[in-house]
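As given, the protein sequences belong to chains A and B, one line each in that order.
With our numbering applied, the first sequence corresponds to residues 5 to 46, in that order.
With our numbering applied, the second sequence corresponds to residues 1248 to 1733, in that order.
What the hints contain is simulated information worked out from the structure, not anything from laboratory work.
Incorrect hints may appear among the rest.
Stated by the list, open to error - To give an idea of the chain A side of the interface with chain B (calculated C-beta under 8 Å), a few residues: (1) ARG18; (2) ASP19; (3) GLN22; (4) SER24; (5) ALA25; (6) ALA35; (7) THR42; (8) CYS44; (9) PHE45; (10) VAL46.
Fair warning: this is a prediction, and the values are worked out from it, not measured in the lab.
Glycine is no exception: its CB is placed at the ideal position from the N, C-alpha and C atoms.
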Amino acid sequence: MDLKNKRIIALGERDGVQGSAIARCAESAGAEVVLEVTHCFV
Amino acid sequence: MNDNKHPVILGVRYFLAHTPGLVRHGSKPSRDLLAKPALWPSLSSHLRSYQDAVAYPPHQAFLGAIYPDELENLPKPWYKNAGPDYGLDSRWNPHGEIMPEEEFYALLKLADDFDLVWLEEDFSKEAALAWADHPLIDDSDIKKLGAGVPISAIEAQTNDPAVALPLQLRNGRLIGCVSRAHQQDATLTPDVLLENLACKSSAAMAFRTLLSSYGPDAANIDYVINSGEEAVGERYQRGGGNLGKAVAEMCGCVNATGADVKAFCSGPVHALIMAGALVNAGVFKNVAVVAGCSLAKLGMKYEGHLSLDQPVLEDVLAGMAVLVSADDGVSPRLRLDSVGRHSVGAGASQQAIFKCLVSEPLERLGLRYQDIDKYATELHNPELTEPSGSGNVPLLNYRLIAGMATLEDQLDKEDISKFVERHGMPGFSPTQGHIASAVSFLGHAWDKIAAGEMERAMFLAKGSLFLGRMTQLSDGLSFILERNQG
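So that you can see chain A by itself, here it is in the shape it has in the complex:
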């Protein structure tokens, strides 16, 4: 998937992939991160 010039919302999970990690990956692929959130499901 080409993420260049796309806007993304990064929804992460503490015991999985955290929001900030998803956001950095998306940014490095050229996306604009408009929101990053990490949740804890326990």
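We have chain A already, so just place chain B on it with the hints.
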């Protein structure tokens, strides 16, 4: 640091209270019931009986009746294959008791020094009778229950939910209420006070169980660190504390003071390391780490449970108490020379977190992944979390640890499942946040290490700091408990 000098853990005890009547006051159910009162018949019809909660295999594992690994041998779902068929149906267990809700309500009254909790007259008599044979309740405790108040007074007091919250049994019987402590203080409302009193009560019962099991005399406890998640305070200092000292008082520790340590779910591991450091430095000889329950988490995932027509399994409150002392040459040692910490600059990826919490502490001691007999990580019971889509959290963490071992060429990829099976365990803890986070295995590890059946265990806890909106970071801390070589 002198490598030969390590604090020890003298003992560990737990406490469970089965509180189906309080499920309606859990954060999620209370919000949903306010928006949709018609939800109540469905929710209330899925609340478990006390007998079912006692015989629930994960509760029996939590209280030390069976080793967590043994849960894998019991047919699932565990709630349908409860303990009586396997001899698991006792209130009193090696690591503590599971108390019925009637007695827990009486415990709230015992913890209350400000006439916030009212219990109905007949109920007070019933509670006093029920407590007559309790080994950790004495005459002065029963006296504090008092004569109770007329039901008409409780009904009048609970007319306005801002004034008082009703206390009801599973069957709906109104038996008391918790009142606000101030008309204009949002930190002293009935719901906040109920959470804090429940936290105090459950921590105190775990601590009383510990003191009765191990000694030393309560008067010999120097310091009590509370590591529960509740914020005790008032409007000018919302999380001011100090529940540690309040619990010490309730347990007769007349020579102790204490403090609260806050770090979300990793609070108890932070507190244990601080306790060990205080002992090692010679500041105090006997330091207790206690943690009370999280009432807000009752019924947290009830929607998933109802969708599968299974009981609302988050119906228990948990407490824990651990005694840390100077090396006695016998008890399991807390290794302070290789504590793992997820530092601010470490990064948020799982690889970065587990490097900090597992790889680096092992490397410092010249140990390999397989040298840790058991890893205690997030130990939430998957039967509680999977119906709501939260997955099997312990398994996820064990696969990550095994993955790290593989990355570091200490484990073949095809042996990951075997590693998880041998060095991990099924989740068995109620979803009580900080208590589910690693430390619910401490009692089992203590038993095995003291009996010479285990060399060492690692405890790694994670805290979701981002939930408080002060940082995007999470937190994590780990320590190793090992056999005392004398």
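Going down the list of hints, with the structure as the test:
At about 5 Å, the closest approach between the beta carbon of ARG18 of chain A and any beta carbon in chain B falls short of 8 Å, and the interface hint on this residue holds. With a least beta-carbon distance of about 5 Å to chain B, the hint placing ASP19 of chain A at the interface is held under the 8 Å criterion. Given hint, GLN22 of chain A at the interface with chain B, holds; its Cβ is 4 Å from that chain's nearest Cβ, closer than 8 Å. A cut of 8 Å between beta carbons decides the hint on SER24 of chain A: the least distance to chain B is about 4 Å, and the hint holds.
Proximity of ALA25 of chain A to chain B holds as hinted, the smallest CB-CB distance being about 5 Å (cut-off 8 Å). A least Cβ separation of about 18 Å between ALA35 of chain A and chain B goes past the 8 Å threshold, and the interface hint is therefore violated. The interface hint given for THR42 of chain A holds, since its Cβ lies 5 Å from the closest Cβ of chain B, which is under the 8 Å cut-off. For the restraint placing CYS44 of chain A at the interface with chain B, the shortest Cβ-Cβ distance is roughly 4 Å, inside the 8 Å limit, so the hint holds.
The interface hint given for PHE45 of chain A is met, as the beta carbon of that residue sits about 4 Å from the closest beta carbon of chain B, less than 8 Å. For VAL46 of chain A, the shortest C-beta to C-beta distance to chain B is roughly 5 Å, which falls under 8 Å, so the interface hint holds.
Comparing the model with each earlier hint shows a violation of hint 6 alone; every other hint is respected.
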